[in-house]
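Undergrad: Note that the protein sequences, when read in sequence, are chains R, Y, C and S. Its first residue numbered 93, the first sequence is counted upward by one per residue in the working numbering. Its first residue numbered 93, the second sequence is counted upward by one per residue in the working numbering. Its first residue numbered 698, the third sequence is counted upward by one per residue in the working numbering. Its first residue numbered 698, the fourth sequence is counted upward by one per residue in the working numbering.
Hints may contain errors.
[What the hints assert, rightly or not] With beta-carbon atoms standing in for the labels, derived distance ranges: (1) P1094/S to G290/R: 48 to 58 Å; (2) D119/Y to S1074/C: 11 to 21 Å; (3) N573/Y to S466/R: 46 to 56 Å; (4) P122/R to G766/C: 54 to 64 Å; (5) D900/S to D292/R: 29 to 39 Å; (6) K1021/S to P179/R: 38 to 48 Å.
[To be verified] Far from chain S, by Cβ distances over 10 Å, these chain R residues were calculated: (7) D316; (8) Q528; (9) L547.
Rather than coming from a laboratory, the hints here were simulated on the basis of the structure. Just so it is clear, CB atoms sit at the ideal spot from N, CA and C, and this is done for glycine as well.
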Amino acid sequence: LEEALIFEIGSTETTGVDFDEAASAADLGPLARTAPIGLPGLSEAETVRHYTRLSRQNYAIDLGLFPLGSCTMKHNPRLNEKVARMPGFADAHPLQPQETVQGAYAVIHELAEWLITLTGMHSVAMSPKAGAHGELCGILCIKAALEARGEDRRVILVPESAHGTNPATAAFAGFTVEDIPATEAGRVNLEALKARLGPDVAGVMITNPNTCGLFERDMKAISDAVHVAGGYVYCDGANFNAIVGRVRPGDLGVDAMHINLHKTFSTPHGGGGPGSGPVVLSEALAPFAPLPFVTKHAEGFRLIEEESAGEDHPQTFGRMTAFHGQMGMFTRALTYILSHGADGLKQVAEDAVLNANYVLRSLEGVLDAPFAASGPCMHEALFSDKGLAEGFSTLDIAKGLIDEGYHPMTVYFPLVVHGAMLVEPTETESKAALDQFIGALRSIAMRAKNGDPALKSAPHFAPRARLDETAAARKPILAWNEPAAAPDTPAPSEIGGS
Amino acid sequence: LEEALIFEIGSTETTGVDFDEAASAADLGPLARTAPIGLPGLSEAETVRHYTRLSRQNYAIDLGLFPLGSCTMKHNPRLNEKVARMPGFADAHPLQPQETVQGAYAVIHELAEWLITLTGMHSVAMSPKAGAHGELCGILCIKAALEARGEDRRVILVPESAHGTNPATAAFAGFTVEDIPATEAGRVNLEALKARLGPDVAGVMITNPNTCGLFERDMKAISDAVHVAGGYVYCDGANFNAIVGRVRPGDLGVDAMHINLHKTFSTPHGGGGPGSGPVVLSEALAPFAPLPFVTKHAEGFRLIEEESAGEDHPQTFGRMTAFHGQMGMFTRALTYILSHGADGLKQVAEDAVLNANYVLRSLEGVLDAPFAASGPCMHEALFSDKGLAEGFSTLDIAKGLIDEGYHPMTVYFPLVVHGAMLVEPTETESKAALDQFIGALRSIAMRAKNGDPALKSAPHFAPRARLDETAAARKPILAWNEPAAAPDTPAPSEIGGS
Amino acid sequence: MRYLPLTSDDRSAMLATIGAASIDELFADVPVDARLDGPMAGLPMHASELAVERHMAALSRQNRAAADGPFFLGAGAYRHHVPASVDHLIQRGEFLTAYTPYQPEIAQGTLQMLFEFQSQVARLLGTDVANASMYDGSTACWEAIVMARRITKRGKALLSTGLHPHYRSVARTMAKYTGDVLVDGDPSLDAGTDWAALADKIDRETSCVVVQYPDILGRIDDMTALAAACQAAGALLIAVVTEPVALGLIKAPGEMGADIVVGEGQSIGVGLQFGGPYVGLFACKTKYVRQMPGRLCGETVDANGKRGFVLTLSTREQHIRREKATSNICTNSGLCALAFSIHMTLLGEAGLRQLAAINHGRAKQAAAELAKIPGVSVLNNSYFNEFTLLLPTEARPVIHKLAERDILGGVSLGRLYPANANLANGLVVAVTETVTAADISVFAAALKEVLA
Amino acid sequence: MRYLPLTSDDRSAMLATIGAASIDELFADVPVDARLDGPMAGLPMHASELAVERHMAALSRQNRAAADGPFFLGAGAYRHHVPASVDHLIQRGEFLTAYTPYQPEIAQGTLQMLFEFQSQVARLLGTDVANASMYDGSTACWEAIVMARRITKRGKALLSTGLHPHYRSVARTMAKYTGDVLVDGDPSLDAGTDWAALADKIDRETSCVVVQYPDILGRIDDMTALAAACQAAGALLIAVVTEPVALGLIKAPGEMGADIVVGEGQSIGVGLQFGGPYVGLFACKTKYVRQMPGRLCGETVDANGKRGFVLTLSTREQHIRREKATSNICTNSGLCALAFSIHMTLLGEAGLRQLAAINHGRAKQAAAELAKIPGVSVLNNSYFNEFTLLLPTEARPVIHKLAERDILGGVSLGRLYPANANLANGLVVAVTETVTAADISVFAAALKEVLA
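If we strip away everything but chain R, and leave its shape as in the complex, we get (with noise of 0.2 Å):
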């Protein structure tokens, strides 16, 4: 299970792809290109093989169970691929004139609408690019809005159990980050975050369904504080999956939500993007959303871009990226969401929370559970390491899960829990896989708190062993290399000089 590296296995003469014509004689001068790039090329078929035998190496979601806690691996319908692909969609220029792209614009919009109403707010913006960028969409909002206020706020609340990108938003938008503590039972402190509360507070940003897998009871009560005392909520929606349909974030008092729709609406992750992260927006944020966007009209669709801004959108923020967004994930999503309708989504959410509310009852008795007792979860199972064996740690149990077949949990966060194990798994997954995904957790759980030695050194039944990442980051090597001349291969120059 060793593939090498193209720059090991191509030529830059080789190439892959043929061309009808020749080359004519560039007059470029000074500028033309003369010495060797060094990139390699294969012919198709040996390119074919090599990408294929790559991705042989890779665990997946068409592969097996994958119950990465908050990042939702659910099913990726390969109906969106193929809508992705139309060439309508696929093959159109995002400066092309808008009557020749009104269909284009019409996802947006329908897509958009979609948004709206499962959120209950008042307007979206679709351009951001992923999850983080969202957030920075929605706090450039609420900045935005204190300034059209004239006030000076530099404080963002953010509760401990907040995905880590809140804080670095925040902060990047020159905001002061100050942390709020949890509760016992693993949610925000609402008297703490009340205390906290005042004139230097432009808003919070909060989790919900949280970190830890736990609906925010206190939602509405904490987004009333901060509006009284002239702040925005800003909620991190990357587990609106486990409400979609179910609950609005719009009547929870939310100003501004960012929505990942490789998770809520199955486009997929493709190995750590792209994402796609749009906003939702209270009517108060509404004004200051970025551009371009779409309207929709009588006489058909029309694109807000810096041109018609003026008059139409006014107090916008600006542009965010260069064109609409990621087009091909809305088309993704747009297609999910039209699949499973109003009722498909909201049996979503229930089938989401009820088989991490199965995982989370049928381990309970083997691994800690550390919020079981204060009720449900909602999409996300999560256990501590408490009670392992001494010197076996929550990465045992994930590498000996790998060994097992499985892709292991989302390990060490939430940082609330010691040796935190999240696992989400789903409204994807049936029983039987669940069932099966608990019978191979629970022997490793049990192996780990009876101290088996093998299980320290797993995984021993994957493509590599556990890899040193200290040595990789103490001594980076980011790009390939032509190797030195091997020492027993030694150039015939080499010979003669030493």
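Position chains Y, C and S relative to chain R; hints supplied.
TA: For chains Y, C and S alone, kept in the frame of chain R given last:
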């Protein structure tokens, strides 16, 4: 690496397909199906996972060199797949009005023209569904031609080295099959053939290049002799890939030859099919070609089928299949042919032959190569089991190759060589890939010569160890059946009753 | 060239290893005057992917795709919606680019799939066993007739007039050469099948009776009595199913006593594809399995006792038996069988039943609407998703007039039976779940206009 | 519902295990008045794959796809032919449906690919190292400006007027909140770049100079002198490449001394996709690597000493550093990076050079033909595959008139700079290998007509 059967994981109540409406009540009376059918269903997510996992238990050309002799496992370009799925091809009905499918007829006609030109023949029957079906087509043309001449010739001569389909085909069409021996050099014995010719001989079926990987030097002489004796020459064109663009079978006196589009022209094998076997015909046999076929006229293309055959093509022997043949393979093959062009196809033959000779010469020192002395081979290199240690066979070498990460070569075929190993690398393998394969095969050959006992139980690193084929044939289990209740979980009633 | 990895340097080095001065030396066995020098004259040279794709796309656009407008063609090939996941999965390189599973240790993916396919087909057709697929329905039908001869040692086959005329043509072609006697004919425009009359014709020479279900005119009937008549006479009943979706709603031929059931599996998973590749279904009673043509996959165990699958009973096949083989077939329609099996797995029994019910309901709706047109009537007294309309005029020109309006309105009996004037006014109309209510209205309105 | 495997029986059994009487009990933490009972009102219910596909196909057909006719748009997004094998490979479930490679033992496919991608990008851009990709070119550009501030501890960025106006907008948006000072402006209609003027503006407050290459008007220039001026002043030179194919023919920014090179990788492997998802390229000198935003993949060994790859230097990232992270980014554009890397591997250096040469040649041909039209001239004194035409009239209405003739004739400067009347007659025309000679003739003839 075990994947349960759909019957073990699915349920007749589950479905992975939605419909927009409830089924209306049917009024089919006693014909209505009432009893359960027993077809398990899976959700889409489970379905994708089941088949994705299953697929990973296969070896394929996308994963590595696949040197099955006479099967021509070359790279299958992905452009072919894309083109075959264009809606005008994939979503058109074979009985659409002719004016609505001119593009489809154009594909059939354009491919037909290429095949005629490349083979130097008079015409081509496009509808045969596979190589063996093509053989039948050719033999039926011969039979029809003989009938038209009023002659009752009942013998078809088939050299020993022929594909097994050749005698099966002749017998199926009512001919008596007689073998012709091979020379020491692995070719047809011209004198023996000539001696057998006579007024009872309908023709010969000959494979060229033959199954020993050798070109039949005397092909023209054979054809001439058969023609003089009043017979016809059928050439098995499975190995046309060795000579495409370099030699035209029409120049060698061939009357009929099928072309395996999945061999020479890169359409995918798909785990055993579908194939496609157009048959090129000499002027003598062309009048008997089957319906339907496409002709070109000033106003467009026309389909000749039963209606107009009376005047246009009165001597046809009839229809071989319901519709036009393997349209999906025509689009792929034409795409491949246009991609290569006349220059590329010639290069295909040359590289295929070069690769095979490279394998032959690189391994003749370690494996017995019975015909190596008689000169270069064509597209495949033949070895025998001579010289292996006592108790070691060709099969052990094949299974050993699996552990080296390769699909074995063709084994025990052709029958003229003991313990034959027929290696066909094809033109789409790089020199580096060949060198690696040669190294692996050399190492296994040495182990078989030295009697390494571990080789006898290979493969050790495959999804399965050697399978018991005898047991499978003795008491065939050809369909899944509900297992009887296991003895340790008896149904309550059984307990009561016993 | 993009599919050829050898560089000029590689070629030179390899020739040196071989000990040949030039490529041409490797072709020394080819007589000099048959050896071509340069690229063949008069043919285009290699082309870029872009150029080839453009050329083929232009040809594709010269076809009217079924999805481009109202579409009512059937007669042996049916348009059903195929889920996107089917095409995704069959394109996995491990399925697409594998060969026949000759080395079962590294082909369990294909083999298990075939075992599942065989099991699904046997259940769907109501038989004991099925093979790993044939070229298509028409060749499967002909192979069944030959198989019946092998079993019964008789040479006369009675073909229902309701058998697809192209299937009949294929059988006739083959019979000419195998020596079978076929008794057949064109259908008459009756509301019901010819099966009762067929039962009367069975005699001691009869190897088999071949009926289609639903038949070419869309008619369906109970074959229990016919099966009994066959059995009494020692003949086999062969049932042909060209629309397997029907079997979600109506009884399977095997349930009613058919000995061999063959079919065209294209409806499930494969798509129209202008006629091919399709997937022939072939199933029979267990007792006939060793006379069956084609590949079979069977369950076994490996050296470690693990369940596994292999190709089996290959002693029937050409590569072992040569001229004594049950047929000359040496491929199946593996990839199409995979598509069939995946689609069937997605449907499951519940989905198949619902799909069938929707097809039937939609067809009833269309029949009712079309029968309202003055002069137009529905022939059938029963049907699944396809029925025969009788028009007041010849159907062939009507079809072309409808095509001008971008409606593909069915298959005329005039095209299927060009020599039979009695049938010229018949139009076979298929209505699947892909047909909308709007399509039906548009069709009815246009037909009314054309006939006015 | 087809994506939901739980049956009603499963749900009941699972609730029993959990000890809940109903699903609603699991939502007990949601305040009752925020809990919705039935499906949300006013929204459609679930739909079949067939119905959804039909709906989306209808919307797709309301767009004029680039392949439908002559097409000359660029300005930051370029239409190139993407080999079919690229799309095949990125759809392999193991790539498509994997997550961020947090568990490297079972993610070597993604990780090795990212390492190869980083290596390819670094070589192409002429730099030492590259990251594992960003959202797109515009956000990469802004991140580079922020990175320059981190490195130089200065807050003033000079933007070339040749920088894509949308990139400028993004930078302005972000600068409003980070507090950076941007010096920018609209381009003037000069034949050459504004780089010399830019060099004069560098001062001790300057964190970076940002230039685009080729720039928004298609102009190319040598940046060696500018790089030297930056270095002398302790500022960084950031080069932005929106058309990486150009680098097959012209010198890489890194070669000419750029400190950070960012770009839009969409041209290679990704396609137009109406603007996204695209793939941001981000590369720099080794010494700045710990100030780089985004993911990085590095080589290491496993416990058995085998080479392997991991995400590395994550101490720069948000999940470790929270508010002290180099950026808030926590995805890359993995699948697009894969497409880029596959396409680049297929091309190889030889193919890329040829592709670039063909683009340039085709553009020269188009420029020559278009410049023959009375009143039309080409602004640029040098260009790669895109140049600016000066029309005798406003370009925006011309574009619409051409669209009526089914020609997409470029991007008007009027659309890019609506507030700047000086630029209204400018038309940016891109010509790639997908443009045929016939396309050019048709375009030239139509433009002549429209201007007449």
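Undergrad: With reference to the structure, classify each hint as holding or not holding.
TA: These are the hints, each one checked on the structure:
1. For P1094/S and G290/R, the hinted distance range of 48 to 58 Å is satisfied, since their beta carbons lie about 55 Å from each other.
2. At roughly 19 Å, the beta carbons of D119/Y and S1074/C sit within the given window of 11 to 21 Å.
3. The hint said 46 to 56 Å for the Cβ distance between N573/Y and S466/R, and at roughly 49 Å that hint holds.
4. Distance hint for P122/R and G766/C: a CB-CB separation of about 59 Å, consistent with the stated range 54 to 64 Å.
5. The given range of 29 to 39 Å is respected by D900/S and D292/R, whose C-beta atoms sit roughly 35 Å from each other.
6. At about 46 Å, the CB distance of K1021/S to P179/R agrees with the hint of 38 to 48 Å.
7. Under the 10 Å C-beta cut-off, the non-interface status given to D316/R relative to chain S holds; the minimum distance is some 12 Å.
8. With a closest Cβ-Cβ approach of about 13 Å to chain S, Q528/R is found to remain outside the 10 Å limit, as its non-interface label requires.
9. No beta-carbon of chain S is positioned within 10 Å of the beta-carbon of L547/R; the least distance is around 14 Å.
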